[in-house]
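Sequence order for the protein chains is A and B.
Quick note, the first sequence lines up with residues 66 to 426 if you use my numbering.
Quick note, the second sequence lines up with residues 254 to 793 if you use my numbering.
Honestly, the hints are just simulated from the structure, not real lab data.
Please note that a few of the clues may not be correct.
No more than 30 angstroms apart at the CA atoms, straight line, and that leaves these computed lysine-lysine pairs for DSBU-like [unchecked claim]: (1) A:Lys72 x B:Lys664; (2) B:Lys319 x B:Lys427; (3) A:Lys72 x B:Lys319; (4) B:Lys427 x B:Lys335; (5) B:Lys319 x B:Lys484; (6) B:Lys427 x A:Lys285; (7) B:Lys664 x A:Lys285.
In case you want the letters, here they are:
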Amino acid sequence: MRIELEKRPERSATMAWASPLIAVLATVVTGGLIFAAIGKPPLTALWIFFLEPFSSLWSLEELVVKATPLILIGVGLSVAYRANVWNIGAEGQFTFGALMGAIVPIFFNSWQSPLTLVAMLALGVLGGMIWAAIPALLKIKAGANEILVSLMLVYVAQLLLDWLVRGPWRDPKGYNFPKSVGFEDWQTMPVFGGGRLNLGIVLALVAAAALAILMRRTMKGFEVRVLGEAPRAGRFAGFSSDRMTLFVFLLSGGLAGLAGIVEVASTVGQLQPNISPGYGFTAIIVAFLGRLDPIGVVVAALMLAVSYLGGEAAQVALGISDKAARVFQGVLLFWVLACDTLIYYRLRIVRTAPVAEEGAR
Amino acid sequence: MTASGTAAGGAKGEGASAPGFLVEARGVVKRFGAFTANDHVDLAIRPGEIHALLGENGAGKSTLVKMLYGSLQPTAGRIFWKGEPVVVTDPAEARRLGIGMVFQHFSLFEALTVTENIALALSNVSDMNALAARIAAVSKDYGLPLEPRATVADLSVGERQRIEIVRCLLQEPKLLIMDEPTAVLTPQEADQLFLTLERLASEGCAVLYISHRLEEVKRLCHASTILRHGKVVARVDPKQETAASLARLMVGADVHAIRPKHARVAGPTRLYVDQLDLPANGPFAVALDQVSLEVRAGEILAIAGVAGNGQSELFDALSGERHADHPGAVVIDDTPCGHLGVGARRELGAAFVPEERLGHGAVPAFRLSENVVLTRDTIFADAARRLLGFLDFGRADQTAERVSQAYDVRKSRPDPEARSLSGGNLQKFVVGRELDRKPRVLVVNQPTWGVDAGAAALIRQALVDLAADGAGVLVISQDLDEIFEIADRIAVISRGCLSPGYDAHVMTLEKVGLLMGGAHGGSEAIEGALKLREADGRAY
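If we strip away everything but chain A, and leave its shape as in the complex, we get (with noise of 0.2 angstroms):
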């Protein structure tokens, strides 16, 4: 007896739908596990991992402030993807949109306006761009493999920021710890109810609703779809993926860099050298948990942040490394990959081998 995979006709709507529930819950069982096998409990482990975070408001606040820069992220690269064009270093665009943003506080520390807000989410964007546009100009020009040069890029970005708050952009009056000034007032995000609760939620909700029009209704979604499905038919229709590399790449980077300057602008308040706990990588993840839909990724993103609140609450309740974070977000990668199978195969039990011929030896 064996298990097959047989290919279906179509692909399955109700496994497209089916195969991330599946998947979360295959990563469930596969926490608990794990849990067990390092001695804890797995049923409590589980609760302060996965339950925990939706049993308070304060941590259902923290769970959108934590989702925000994951939405940002994953709706740009949920695009780039669908377009077959592989940004694998959004947490680079996300440090160099960061960076670029703080130029305002930093260098007109006394400008206060509405304006200034405006000005770091706008130079956010543009150093995003420019991080992203590296990678989609060498890729064109040169041919260069875009997963490795957006990837490599993001350690330049983050040994920049370093050298940056530890020299150059140090706050003179912050007793030499490797930080830049404070942002105030209008160098911040408005807040919702005095909590963390920012802006930047609203920013992230409209990208998504956007991104989501666009790829549904819009000559350009449609141009994304066909060179990422077929990109000889894409050819034939007359689009160019050259450009499309371009525009993906700036698009995706622009978010990111906004999601940086958004991050620096509110829970984090400041530059610092850890300015991220790798949302660009996790949102590769929420990108296709979601289906590489945008609002798929907005889903997505709220169930990677509960994750974060977890390995948190975990690692204070249990004593468990923060990195069992990333290892759940790793697993459940892992079988979000896996249970796509299903949207294109079904599962076939045969019970003997295939038919032999008389002249089988």
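Got chain A; can you put chain B on it based on the hints?
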């Protein structure tokens, strides 16, 4: 069931003294869905015999070979190896039996050396130095000079092929299958390869040789099996045949020997191509060399030729997927457009149907309505919506439905994904989508490739009707039956050169076969080529 049919060819082969056949396929059938790729095919090869497998594209040659090599399993029928029935479960099993295969497209790692590439294919390599020495010895022995330590990336296509051959030889095969080995070789390299194959045959190794080049087959092979539409139509000794008679067997002599056509009154020039040059864009691609043609309103010009002689390159150049070197190289309705892209050429009233339906003419995962938008991007983003680029999917739906009705596209549900349609139905849709726009110029590559007879008839009729309505139609096809059925004029493409277009009623299969076989060069008169061929029986 016996294999007596092979006696005619086999008796003269050098393996004639052998008591039996080395490998034999009896009554082999392979079906893909409703399509029968091999229909009760018998093939028998003796040890030491170089056996040609001939047939047009789609005749079922590769299907048969894949079953011998274990990549496909027959639906019915049996394969015998040295008289014993065997089931070749996979290529590894084929290699264990002693069957080696050299594919047309190589599978080599460019960054690795010759020795490393060969080591990957062998199951137990303990000593790389010993292997290198063996490679050097074998390659020298068989006249296939090869440096074991060279990196593959630095080697020519001919040298890469030698790696594949040496890789097979190291496994001491009893049967070597070669798929179009000379397609990528220079004449000198090909000559060297023939010596190697003759040497192998003299040592008792059988060779199954697949080629479109009939002169080669005549020179090299001891026997041949000719397939047509999945059936064996003849087994002949190629040495007793002429290239023209082999071509006739391949394409079928009984249909449309000469068919007079009423010459239509030709209108103004719709499509004009002037000395179009296009460099090859890969090792397996063909360069176009000074291609010129003219299609007038009301006529169908057909371009015949064996696959891989520049047809897809010509299509790309005409559709604008690749640009010509000067604007005047392609002229649509008096507008030079060699420098324009696909969209601009469509706006001039041209329409294109590529050879490959899935992935080129249509996006497999898209619904038919979305695939309508593919070739009419400018129309479905109409003026008011254009500014924001919104698409009118409602209209796309209507168009898809209209095309489906008009061209009898049978589908299981209202708006299915393109890939769920059968080949014939999808082709009707892709052709219908273009005809629905009432184009003034239509360029179509292989309009009925892999399509059932009913769909083929419908499509051909639609092309004839389009021309009758005053459009200029250019059909690129490898199906000579089709060409003689619908063409007003016929030209032949061979190694990137296009012959002049001849009136269909003065063309014969024989002449087409000669032009296909390589009597190329537009200036060469076909009568002269014919005489030359018959005088010494050689192509060049």
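Verification of the hints:
| no. | hint | verdict |
| --- | --- | --- |
| 1 | A:Lys72 x B:Lys664 | holds, 19 angstroms |
| 2 | B:Lys319 x B:Lys427 | holds, 17 angstroms |
| 3 | A:Lys72 x B:Lys319 | holds, 22 angstroms |
| 4 | B:Lys427 x B:Lys335 | holds, 10 angstroms |
| 5 | B:Lys319 x B:Lys484 | holds, 16 angstroms |
| 6 | B:Lys427 x A:Lys285 | violated, 57 angstroms |
| 7 | B:Lys664 x A:Lys285 | holds, 29 angstroms |
In this structure, only the earlier hint numbered 6 is contradicted, and the remaining ones agree with it.
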